[in-house]
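Q: The chain contents come next:
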Amino acid sequence: MAEEIYQLSATEISSRLAAGKLTSRAVVEALITRYHQLNKKIGAFTSLDEKDVLAQADASDARRKAGKVLSRLDGIPVAIKENIAVKGQPLTCSSKMLANLVSPYDAHVVEALKSAGAIIYGRLNMDEFAMGSSTENSAIQKTFNPWDLARIPGGSSGGSAASLASGLVPLALGSDTGGSIRQPASHCGIVGMKPTYGLVSRFGLVAFASSLDQIGPMARTVADCELLLKVLATPDARDMTCFDSTQRSQLPVATEKSLRIGIPKGVLGKGVGAEVAAATQAAIDFYKSKGATIIEVDLPSSELAVPTYYVVATAEASSNLARYDGVRYGHRSSNAKTPIEMMTNSRSEGFGPEVKRRILLGTFVLSAGYADAYYVRALRARSKIRAEHLAALEKVDMILSPTVPTPAFKVGEKVSDPLQLYLEDIFTIPANLAGLPALSVPCGKSGHLPVGFHLVGAPLSESKLFAAAQLFESAHSFANQQPTL
Amino acid sequence: MAKGFDIDHLAKLARLNLTADEKVLYSNQLTQVLTYFETLAKADLPASSDVALVVTEKALRSDEPGVSLGSDTVTKIAPASHDGQISVPRVVDDES
Chain A
1 MAEEIYQLSA
11 TEISSRLAAG
21 KLTSRAVVEA
31 LITRYHQLNK
41 KIGAFTSLDE
51 KDVLAQADAS
61 DARRKAGKVL
71 SRLDGIPVAI
81 KENIAVKGQP
91 LTCSSKMLAN
101 LVSPYDAHVV
111 EALKSAGAII
121 YGRLNMDEFA
131 MGSSTENSAI
141 QKTFNPWDLA
151 RIPGGSSGGS
161 AASLASGLVP
171 LALGSDTGGS
181 IRQPASHCGI
191 VGMKPTYGLV
201 SRFGLVAFAS
211 SLDQIGPMAR
221 TVADCELLLK
231 VLATPDARDM
241 TCFDSTQRSQ
251 LPVATEKSLR
261 IGIPKGVLGK
271 GVGAEVAAAT
281 QAAIDFYKSK
291 GATIIEVDLP
301 SSELAVPTYY
311 VVATAEASSN
321 LARYDGVRYG
331 HRSSNAKTPI
341 EMMTNSRSEG
351 FGPEVKRRIL
361 LGTFVLSAGY
371 ADAYYVRALR
381 ARSKIRAEHL
391 AALEKVDMIL
401 SPTVPTPAFK
411 VGEKVSDPLQ
421 LYLEDIFTIP
431 ANLAGLPALS
441 VPCGKSGHLP
451 VGFHLVGAPL
461 SESKLFAAAQ
471 LFESAHSFAN
481 QQPTL
Chain B
486 MAKGFDIDHL
496 AKLARLNLTA
506 DEKVLYSNQL
516 TQVLTYFETL
526 AKADLPASSD
536 VALVVTEKAL
546 RSDEPGVSLG
556 SDTVTKIAPA
566 SHDGQISVPR
576 VVDDES
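Taken in sequence, the protein lines are chains A and B.
Residue numbers for the first sequence follow the numbering used here, beginning at 1 and rising by one.
Residue numbers for the second sequence follow the numbering used here, beginning at 486 and rising by one.
Think of the hints as simulated: they come from the structure by calculation, not from any bench.
A quick note: this is a predicted structure, and the numbers were derived from the prediction, not measured.
Cβ atoms here follow ideal geometry from the backbone N, Cα and C, with glycine treated the same way.
Each hint should be verified, as a subset may be incorrect.
[As the list claims (entries may be wrong)] Label pairs and their calculated CB-CB ranges:
#1 A/A150 to B/G489: 37 to 43 Å
#2 A/E303 to B/D535: 32 to 38 Å
#3 B/Y521 to A/A391: 25 to 31 Å
#4 A/I295 to B/Q517: 35 to 41 Å
#5 A/G447 to B/N502: 28 to 34 Å
#6 A/L149 to B/D491: 41 to 47 Å
#7 A/A59 to B/K527: 55 to 61 Å
#8 A/D417 to B/G555: 44 to 50 Å
#9 B/Q517 to A/V102: 45 to 51 Å
#10 B/A565 to A/G447: 49 to 55 Å
#11 A/E303 to B/N502: 50 to 56 Å
#12 B/E523 to A/D417: 15 to 21 Å
#13 A/E29 to B/G551: 37 to 43 Å
#14 A/S416 to B/D535: 34 to 40 Å
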């Protein structure tokens, strides 16, 4: 049994706090010590206000003493990705463009966490504006994979995944536009969920591609991940795509006794590493041994998912990032005499290479003469991909695949080849395009590197995915795993 | 599918200055990515491009004033301000 505080799951911390065996201050002090030992090496956190987190811990301990505990998360630290607004804290999106921005307000999810008594614990590194799969695109610092410091942690929520795997925090928030929660979760051996589009409010999440972005929970165990999602998933009128109370009351409940799992045709074939394929096959065999029905499903348009995603996401990004013009907030060039110079110079100085590349690509696919050939065709392909997934999910409860085709690669290995990097997300992208909930669960190792499998369910079937993941986790030793550091 | 693009025109539309080296780099990379996108051109696709994932009534909420950040907060995070207003380089030329 894990005895060091940094090794405890959030659920375990919660039980010990409730039993009076631990205080929130003791948890936070232990994590601050761990932060000083490891953060320079891992690069997960971009900032941590120690005085503030200790004050939050003391306030939680005082509430507990007075019998006014707010929730099971009361007194438990939750670290926040750099693109989610926390009032009075930096909101840099790991970009020079927002290097000096301090958020004047809280995101909906941060309000929800504060209402639950959670400790808003530090800011986590990411790829600039969430564009990337390795966290190498951060303008602040690099983040390294705790399982092998020569390798990337995945991205864009690389700081979130690395902070969990190295025991710097028990819970973290990420955001996922094409796999940015699940791919780093797989590479760092933790659990990460992208909820159904509309389940969690995007108010206060800096927009990348609004029709794909979702905030989601990341943790070292399935139960912790579910505990965190329950706090985040509340209605919010400030996000018009967020499900209201009536829609939430119509959520399907997990009733099926025998699980039906779909395996996409040929999913363990071309491009999937041998050990990743073996670990995924072992997960399939496990479910079979537990009485699940394994059914092959045909998703013929999956091969269109990556190009469709990069057209839709870059088109939306080029539009969303037009707001960074040096006028109202963010970087303003000191070298500009006219408004156009101010906008152009501010953007050129503030954005990094991957952001510029995606803005140019998005501008092209939306430009006169090309929008029909690229953007409109991508929307049609997206519609087809969604229809195929929904049809398959009529026949099965969830679709299982690897999360990422191969384990974490070496730092610098793919920086000059954007297309290779885009293919990291081949299994995770369809869930974003179709708005479906999806989860990455640790299921083994490729050499010394963690591997995860991926479950995708019908809209709002999060509880079903968690139940299936829990079944697997309980029978294996991958829960709450941390490398020796 | 046409994949020719004019990098100078794109940079202008995107309000980005690119160096000569960046122009070459991005042109090559965009060409590579757009070539990969050609699977989309060849695919048999439905006529519908309706991709609404969530439909709520909130799109039509009544237009009532709400709480906003206030000019003090807004000008505090602005790159430059004057008398409670955000200031920018002169937009309108002198009449001549």
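Q: Tell me the numbers of any earlier hints that the structure contravenes, in ascending order.
A: Of the numbered hints, 2, 5, 9, 11 do not hold.
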